[in-house]
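The chain contents come next:
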Amino acid sequence: MMLEIRWHARGGQGAITVAEILAAVALRQGLYVQSFPEYGPERSGAPLHAYNRISDEPIKLHSGVYEPDIVVVLDPTLLHAEPVAEGLKTEGLLLVNTSDAAKEMAKRTGFRGRVLAIPAVQLAEQAKIRFANVPMLGVLLRLLNFPLEAGQEEFQTVFSEKLSPAVLEANLEALRLGYEAVSHESVVDMKRGVIAS
Amino acid sequence: MIHLKELARREEKTQKFFGGHGLCAGCGAPIVVRTVLNAIDRPMVVINATGCLEVATTRFPYTAWSVPWIHVAFENAAAVASGIETAYRVLRRKGKISQDMVFVAFAGDGGTYDIGFQALSGALERGHRLIYICYDNEAYMNTGNQRSGATPRGAYTATTPIGSRGSGKPQRRKDLTEIVVAHHIPYAAQASISDWQDMVMKIERAVAADGPSFLNVLSTCTRGWGFPAEKAVKMAHLAVQSCYWPLYEVIDGAWHLSYEPEPRTAEERAKWGRYGLDITEWLKLQGRFAHLFQKKQEEIFVRPEHRELIAEIQREVERDWEKLLAKCGRAIPVLA
Amino acid sequence: MMAKGKLKAWEELEVGAVVLEGGSTQAILTGGWRTGKKPIVDAQKCVNCLLCWIHCPEPAIVTEKAQMRGYDYAHCKGCGICAEACPSGAISMVPEERLVPKRGWIE
Amino acid sequence: MTVAMKQKQLLTGAEAVAQAWRQIDPDVVPVYPITPQTPIITTFSEMVAEGLASTEIINVESEHSAMSAAVGAASAGARVATATSSQGLALMLEICYIAASLRLPILMNVGARALSGPINIHCDHSDAYMARDAGWVQIFTENAQEAYDYTLMAQRLAEHDRVRLPVMVMLDGFTTTHSADVAEILPDDLARQFIGEYEPPFSLLTQVATIGPFDMPDYYFEHRRAQQHALEQVREAFEQIQRMFKEKSERPYEGPFEAYQMDDARTALVVMGSAAGTAKAVVDMLRREGRRVGLIKLWLFRPFPRAAIARVLGYVDSVAVFDRGLSYGSFGPLYLEVTSALYSRVWGVENSRRPKLANIIYGLGGRDLRPDQIRKAFDDLEAGRLRADQLYYAGLREEGDQR
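Heads up: the sequence lines are chains H, B, W and Z, in that order.
Here numbering that gives the first Met the number 0 is used: position 57 in the first sequence is 56, and no number is missing along the way.
Here numbering that gives the first Met the number 0 is used: position 41 in the second sequence is 40, and no number is missing along the way.
Here numbering that gives the first Met the number 0 is used: position 9 in the third sequence is 8, and no number is missing along the way.
Here numbering that gives the first Met the number 0 is used: position 144 in the fourth sequence is 143, and no number is missing along the way.
Note that these hints are calculated values from the structure, not bench results.
Below, simulated DSS-like cross-link-like pairs (lysine-lysine); rule was C-alpha separation at most 30 Å, straight line:
{"no.": "1", "chain 1": "B", "residue 1": "K4", "chain 2": "W", "residue 2": "K64"}
{"no.": "2", "chain 1": "B", "residue 1": "K283", "chain 2": "B", "residue 2": "K233"}
{"no.": "3", "chain 1": "H", "residue 1": "K127", "chain 2": "W", "residue 2": "K36"}
Taking beta-carbon pairs under 10 Å as the criterion, some of the chain H residues facing chain W (in silico):
{"no.": "4", "residue": "G10"}
{"no.": "5", "residue": "G11"}
{"no.": "6", "residue": "Q12"}
{"no.": "7", "residue": "D74"}
{"no.": "8", "residue": "T76"}
{"no.": "9", "residue": "L77"}
{"no.": "10", "residue": "H79"}
{"no.": "11", "residue": "A80"}
Label-pair distances were calculated between CB atoms; the ranges are:
{"no.": "12", "chain 1": "Z", "residue 1": "Y219", "chain 2": "H", "residue 2": "G109", "range": "26 to 36 Å"}
{"no.": "13", "chain 1": "B", "residue 1": "D40", "chain 2": "W", "residue 2": "L19", "range": "18 to 28 Å"}
{"no.": "14", "chain 1": "Z", "residue 1": "E196", "chain 2": "B", "residue 2": "D40", "range": "27 to 37 Å"}
{"no.": "15", "chain 1": "H", "residue 1": "A100", "chain 2": "W", "residue 2": "L28", "range": "21 to 31 Å"}
{"no.": "16", "chain 1": "Z", "residue 1": "S343", "chain 2": "B", "residue 2": "D40", "range": "55 to 65 Å"}
Where a beta carbon is used, it is the ideal one built from N, C-alpha and C, also for glycine.
Modelling step: build the complete structure from the supplied sequences, incorporating the hints.
Structure representation (structure tokens):
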């Protein structure tokens, strides 16, 4: 069974980084993974996409993702810049960083499947970090039933040299806030690949 | 001397470069381009080498340009321009073309100091009447900030990273403008996006030159140099004030200094060195030099282990400045 | 999925991949790149020196008869160079959501 | 050089090409010296200095800049020609691809010469073969006459409104470029009538346009398909121009190749360039001995005339393809084209049958191909000693061969 995820963000918002960390965490859970950006001249502010594939069998595909199971929108302004729900499976999940209601997101994108609206920006502010990417990663870890510790460990291995201890701590806190933000949702059932609502 | 209002009127009348391109917010390159295109009030053909400017402004089917524009490859802007300029002369001689035109080549420092240097040298030596503008952001920025021959000593780039055995670019940057002057062309100059009036005046002289002309224009890069986008013009100003990027012109081999830095603010006066602003005032504001500094309560200090390098960089700037003064026939101020 | 209409078939393309419509990047609304702040200009303080205009990398500053008249928000990327360059403090960067007149020209 | 009527002259291949350039009178010719094509540009430079051509020559600083300047001049609506060989073609190859993609009608003569290493200044086709995927039309010529004729024709072909592609005309290094041969030059007025005035469909000097945009994956594939389409249009235009040239020159060029003594041939060679002459002489000799032999001398190598080759070789028992270059790790490029063409043909139709094939590599680095070596190829073919899956080398010293 394979799960395909498409991230929507703008250059400089850290989508590619968290997509890679998500893949690393899934690998730690014994799954097969891919993480790749949509190649093109990335410029801060310009729309960009990143992709994940997570599967319990080796992944041979090397093509784009056209019918994702999950779409993650890190920057809500992208909703009117491009069709974020394009190709999203009807039984898939649209996860949007916004303080608006999920219904509003469904209306704006025309997606009739499951929508999850998470005010990740506020979670980021709460944890005193800049971007919404890390809290959204926390949400996904929870949704995919990966342990929070695995996410925090992975984050540490990647960033311990690069970030000062205080900033690293803030990011781990943001990850936890994201993780906690979806406690009541039931998780993805990796075996059936269906997003159990 | 053209006034800003005249330039604005020109852009209102015939806009030659449009928004919606993909250059980063705060990029220096389009500031150079707009200044050049507005300063030249004559039909032109633009020849653009591969690089940030070219890639971000002509993603098919869109183009930011509304003047005849051509890109062929990374290393041949000057050669392509030579072909166009020659075709123009022949077709004009044969009466097939009548209008008076100029040929402007735009390339970054990678495309000019390094890979495109041979074509540039050939075009200059052959005397083609073209205006070559290098928007110098001191590294290969389109591919994500790798070092070029224009990268300053000590700067971090993705190919001169910082580590236990690496502390930025070990070599000094190549003084390309001086090498260009050695081609005995009628006009060569250094300009900066921080001094539009000086740049416009130099573009006009380049257009008037009877033969090849070359402008090396400092064009800051918010992502590659590592400073907030809004400081793009200020970063160029500080480079000029510190004598790191001198403004001068060489007309038929004669050197003329365009600007002798003097402090503009109390803050600058407080940090003024022998000829200009202390080089650390410019270096410390940039991410590419962050490894040379450390921050203590909002104050930025040179790391002890890098004091020698910083002093050496300052000395190099002063020695180059003195050589420039000599070439411009200026006496070197005796140390008080 | 960039701002694109219908993509052309190969037979419909110009010979040699030539692009004939000049300045067509106007169709790309890079105003969406702003990350939270946009410039506005106070008409009282503006001395119309046009230092903002010459330093704008887009261009996204609107002039009429060489008079500064505000911003083309469809393309302004919010870099803030104009605010830094303005000698009379007429330009300020305000939160994106702030309601402003069409071109941010505050009479 | 007043020419009352067509006259036979003693000309080297290089001089013949220079004559063609003089009559074409290109607006811009970027030049850079490299053996063996240099006499083309030096002879032409003298013509310009004598006022026999109105061309502006650019003495560039490298072949890379020669093709770059040619692209610039052509995009400005000028008629452009240049010449190179071997390493020069390799250096400019990056820009050759771009000239084709921009659909610029640049004429280039190539004095075919071996590619380094080791460095070698003599003839083979490895340089032309290297450029076979660049998107140019490629024409191989046998001698000074063909070099002159096809250079004129190439100019018309490049500018043909359904083609609009750069054209490469190969003449063998030294064997053709430097050997004096009898060639007939058209009277200037006749030549100029044939060449015609150049009305550029586009000029950067008079039109606002962006040339050489940045393609993302959403358009690059379509642009490349459009380029292939242009090459698919060449064959018809090529034959149309041959007919027009025949009216002026009375020289009967017809189709992508010359079929020499092929009507009832049982065994045949396929060959390009000057060696075809030697091979014709051997065919004549063997015909006099009553042997049914023939040869195909290919002019148009790109676009490769697959159907025509497959048709003409469908009535022959066995064929030896002579390649003056080798696609290392595989066979000779001409052989690869011929076998592919034959494989894709429907057999048994009009009692055609698939011939036995063999690939003979010859003449690398100027090594001469002697008549006795060609005769041996015919003998081996007829005796069935040559296999399709093995490479043979004519004129190579190998251990154990009986010199």
